[in-house]
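J.: Spelled out, the chains give:
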Amino acid sequence: MRTGTHQRRMMTLVSHAVGLATFATFAMFCTGCASSRNEVQKAAKDWCMTIRGSQVIPVYPLTEDIQPGDIFLVQVPIDKQQQLYEQNGFLALDNHLDRMNPTNYAKFYDHSFFGKDQTYDLPRDWIRPTGTNQSWQLAPHAAFPSYSFTVRNGAGMNLAVPVQGVPVGLSLLASDAASGTIEIKDAYTMGVDTISLYQQLETWANRNADFLGYFGPSGKQTNFLRVVTRIYATGKMSVSLKDASSRSGGLDVGVPKPVNLLVPALPANSTNTSEAALQNYTNGWNTLSQIVQAAGAAKDAAGNILPGGSLRLTAASTRSVSMDESFTPPIVFGYLGFDCAIATNGELGAPIPTYAILDRLPVLGTIRHFASDSSAQILRGWVNHPKSADIPADKTARDVTKEREGLITAWIKVRKADYNFAALLDRSDLGSDRQLFLKEKGAEYKITQ
Amino acid sequence: MPPETYDDVPNDDVGTMVQNHIDAGAKKVTVTLNDDKETCTVVVE
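Residue numbers (numbering that gives the first Met the number 0), protein chains in the order written: chain Y, 0 to 448; chain W, 0 to 44.
Don't take each hint at face value.
[As the list claims (entries may be wrong)] Okay, derived cross-link-like pairs now, SDA-like style, lysine to any residue, Cα gap no bigger than 20 Å in a straight line: (1) Y:394 x W:27; (2) Y:386 x W:14; (3) Y:412 x W:22; (4) Y:415 x Y:344; (5) Y:235 x Y:182; (6) Y:401 x W:36; (7) Y:401 x Y:437; (8) Y:412 x Y:402; (9) W:27 x Y:220.
Simulated from the structure, these hints should not be mistaken for laboratory data.
This one's a predicted model, so the numbers in the text were calculated from it and none came from an experiment.
Let the sequences and hints guide you as you build the complete structure.
T.: Structural data, given as structure tokens:
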């Protein structure tokens, strides 16, 4: 009787424990779902901010298929681009118009990375070299600072950091919170000068003027061509993760974490403790390495390893794990470039560094010189300082000024010019237009010196 | 459109220039006195 009561109590306790565990799992799942999207966005942004901190515009997701000379169409206004760039950390390169083959590589690298009397057909001979040279090995090297991050609430498995070592490491730790670092190793760069690329772009734009004509300015909307001048690639990333979770509550849901393999219990009757410990550690290490390799090596139906990163464990303990992720061939993670506004008839504006546009730096934009010629002085005087005789009794000088601004605006509109009346008054490069205005309208509007 | 920077505007013309560009729809006009104290740099956005 007493035994039966004890069994019932135990069953009740177990039932409560299972219920509690189920509730805990459900709660963690729900919390993970609710926060997963934010975590992913935050992680993607953190990653991109790190790359941006190195004055490089991030490529997201990572890809091999971007190279100097690539032309993208950007139809998002600059202020919106800046807003998106700050929100997401990167800009989608989705409207890939064309790929120019830069012709100035030889001159650019002739006295540095091209051997004497050697010529290379770039980017192919650096990206996919023949012979014993490995991919990207001949390209100039680059170095980047390490990237620190934290993850919480089980979002690690969906983490947007484009390195699979992070979710694999989190699963090894079986952690709901971790802090870590990613170090970009084996980084390479390849680029070409802006001037030669801009000249090629002008030739390209002339050839495709009809197409670009569709994307000329309309209203306040200006479209841009974005041209990649330099790319950065990496062959290896090192990922280190530290378990940052707190288990003071004592509730463990799920199976023991894999890194516990490194500290198994010693055999009770073993006489050689150190040998047994070493053997246990080696066995645990091998098992972990197999788990990591299995997680990192995606294979196709024929058993061939698919392109992408492969993982190799480099260090592990019960609360930390480190691994290297190799990209063979190296993969592009950032770029530099310039933007050109598309004017009417498909003509191009001056090249402006993409980085300057996106980062809200104190951009000077277009440099203008204040007009000081006689036509400017006459026109500014007429607009801003109307003579007393020209001001009707029921109006103020300011009213007359506004009217005259409107008259100039109307004249500009008829000519379909791409500036406003204030620019006509002030820009030194519009002297001929001012003279034309004075010639056409001077007598009608009684504009005198 | 990218901002336009006028780097050499005489002080006497700055006031009317700012007013003209605001009338023309500029969202922001920044005036900085140059080292010569005679001219200003005006950034029109």
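J.: Against this structure, judge whether each hint is valid.
T.: Quick rundown of the hints versus the structure:
For the suggested pair residue 394 (chain Y) and residue 27 (chain W), the alpha carbons sit about 28 Å apart, so the restraint of at most 20 Å is broken. Between residue 386 (chain Y) and residue 14 (chain W) the CA atoms are separated by roughly 18 Å; this keeps the pair inside 20 Å, and the hint holds. Distance restraint check for residue 412 (chain Y) and residue 22 (chain W): the Cα-Cα separation of roughly 16 Å lies within the 20 Å cut-off, and the hinted pair is therefore satisfied. Among the hinted pairs, residue 415 (chain Y) with residue 344 (chain Y) is consistent with the structure: their alpha-carbon atoms are about 12 Å apart, no more than 20 Å.
For the given pair, residue 235 (chain Y) sits about 9 Å from residue 182 (chain Y) by alpha-carbon distance, which is consistent with the 20 Å threshold. A hinted pair counts as satisfied when its Cα atoms are at most 20 Å apart, and residue 401 (chain Y) with residue 36 (chain W) does not qualify at roughly 30 Å. At roughly 18 Å between alpha-carbon atoms, residue 401 (chain Y) and residue 437 (chain Y) fall within 20 Å of each other, so this suggested pair holds. The suggested pairing of residue 412 (chain Y) with residue 402 (chain Y) holds, with an alpha-carbon distance near 15 Å, which does not exceed 20 Å.
Distance restraint check for residue 27 (chain W) and residue 220 (chain Y): the Cα-Cα separation of roughly 18 Å lies within the 20 Å cut-off, and the hinted pair is therefore satisfied.
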